[in-house]
Amino acid sequence: VWVERTEDAQKLVDGDEFVFEHELEQRFSLKLGEIRVDDKPRAWPLGLTLARAFVAPRIALAGDAAHGIHPIAGQGLNLGFKDVAALAEVVVEADRLGQDIGALDVLERYQQWRRFDTLQMGITTDVLNRLFSNDIGPLRAVRDIGLGLVERMPKLKDFFIRQASGLSGDTPRLLKGEAI
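Once you know that position 23 of the sequence shown is 23 in my numbering, the rest is easy, because the numbers rise by one and skip nothing.
The hints are simulated quantities; they were obtained by calculation from the structure and are not laboratory data. The structure presented is a predicted model; accordingly, all values stated were derived computationally and were not measured. Every residue, glycine too, gets a C-beta built ideally from N, C-alpha and C. Please note that a few of the clues may not be correct.
[Stated by the list, open to error] Here are the simulated SDA-like pairs of lysine to any residue, each with C-alpha atoms no more than 20 angstroms apart in a straight line:
| id | residue 1 | residue 2 |
| --- | --- | --- |
| 1 | K11 | P45 |
| 2 | K157 | L147 |
| 3 | K176 | I161 |
| 4 | K11 | W44 |
| 5 | K176 | F160 |
| 6 | K155 | I145 |
| 7 | K176 | N78 |
| 8 | K11 | H22 |
| 9 | K157 | G169 |
| 10 | K157 | I145 |
[What the hints assert, rightly or not] What follows is a list of derived Cβ distance ranges for each label pair:
| id | residue 1 | residue 2 | range |
| --- | --- | --- | --- |
| 11 | D95 | V13 | 41 to 47 angstroms |
| 12 | E17 | R173 | 43 to 49 angstroms |
| 13 | F28 | G63 | 22 to 28 angstroms |
| 14 | K157 | G137 | 22 to 28 angstroms |
| 15 | V127 | S165 | 17 to 23 angstroms |
| 16 | G47 | A164 | 18 to 24 angstroms |
| 17 | V92 | G63 | 17 to 23 angstroms |
| 18 | T171 | D64 | 18 to 24 angstroms |
| 19 | F28 | T6 | 19 to 25 angstroms |
| 20 | R96 | D135 | 51 to 57 angstroms |
| 21 | R96 | V150 | 38 to 44 angstroms |
| 22 | M153 | V92 | 37 to 43 angstroms |
| 23 | D95 | E17 | 46 to 52 angstroms |
Build out the structure end to end from the sequences listed, making use of the hints.
Laid out in structure tokens, this is it:
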């Protein structure tokens, strides 16, 4: 994911393909090697989006279909994995009990399980994005103090690492390596 200011992104997408390729190489070639663009570049605005409902009768949304968050440290991917693992667990359990796996009351268990975690992570990444993409003096000071505190407090640092890893809260069994 390449995050860019809206105006600059639009200029790159609308401009000459060689200029885009050159800019891409300048920014990423040390990590990726030689880069060749085979299709027209595209851009999407970043922001927090959350479906009003994750489920309807016989339908369940998971991952980016259910929510869109800022691309910070792969958190959208982690949420998607948790969604799919939770949905699988709910569906398998309902099937074991002889329930209709597409029934709204069954799918609402998945929605209830995942909704708060998704909202919490969405708000967290939105706040972090606003905090780290802003160079206003007082915000920069708060950011620097906060990072310094986290670095000096191992328990707090472990908490944030656990949150970022996706292994906090009510983790689906599949993500803990357990069978469902």
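Going through the hints against the structure:
For the suggested pair K11 and P45, the alpha carbons sit about 14 angstroms apart, so the restraint of at most 20 angstroms is met. Taken as a hint, the K157 and L147 pair is honoured in the structure, with Cα atoms around 9 angstroms apart against an allowance of 20 angstroms. Taking the CA atoms of K176 and I161, the gap is near 16 angstroms; set against the 20 angstroms cutoff, the hint holds. Restraint check for K11 and W44: satisfied, since their Cα atoms lie roughly 13 angstroms apart, inside the 20 angstroms limit.
A hinted pair counts as satisfied when its Cα atoms are at most 20 angstroms apart, and K176 with F160 qualifies at roughly 18 angstroms. Proximity of K155 to I145 is assessed by CA-CA distance (about 17 angstroms); at most 20 angstroms being required, the pair is judged to hold. A C-alpha spacing of about 13 angstroms is found between K176 and N78, which places the hinted pair at or below 20 angstroms, so the restraint holds. Distance check on the hinted pair: K11 and H22 sit about 14 angstroms apart at the alpha-carbon level, within 20 angstroms; holds.
At roughly 17 angstroms between alpha-carbon atoms, K157 and G169 fall within 20 angstroms of each other, so this suggested pair holds. Only pairs whose Cα atoms come within 20 angstroms are accepted, and K157 paired with I145 is accepted, the gap being roughly 14 angstroms. In this structure, D95 and V13 meet the distance hint of 41 to 47 angstroms, their C-beta atoms being roughly 46 angstroms apart. One distance hint, 43 to 49 angstroms for the beta-carbon pair E17 and R173, holds here, with the actual separation near 47 angstroms.
Evaluation of the 22 to 28 angstroms hint for F28 and G63 yields a pass: the beta carbon distance comes to about 25 angstroms. At roughly 26 angstroms, the beta-carbon separation of K157 and G137 lies within the given 22 to 28 angstroms, and the hint holds. The supplied range of 17 to 23 angstroms is met by V127 and S165, whose beta-carbon atoms lie about 19 angstroms from each other. Evaluation of the 18 to 24 angstroms hint for G47 and A164 yields a pass: the beta carbon distance comes to about 20 angstroms.
Between V92 and G63 the beta carbons are some 19 angstroms apart, a value that agrees with the proposed interval 17 to 23 angstroms. The hint said 18 to 24 angstroms for the Cβ distance between T171 and D64, and at roughly 20 angstroms that hint holds. Between F28 and T6 the CB atoms are about 20 angstroms apart, so this pair conforms to the stated range of 19 to 25 angstroms. A hinted range of 51 to 57 angstroms holds for the C-beta pair R96 and D135, which are about 54 angstroms apart.
R96 and V150 have their C-beta atoms about 42 angstroms apart, which keeps the hinted 38 to 44 angstroms range intact. Between M153 and V92 the CB atoms are about 40 angstroms apart, so this pair conforms to the stated range of 37 to 43 angstroms. Between D95 and E17 the C-beta distance comes to about 50 angstroms, which sits within the given range of 46 to 52 angstroms.
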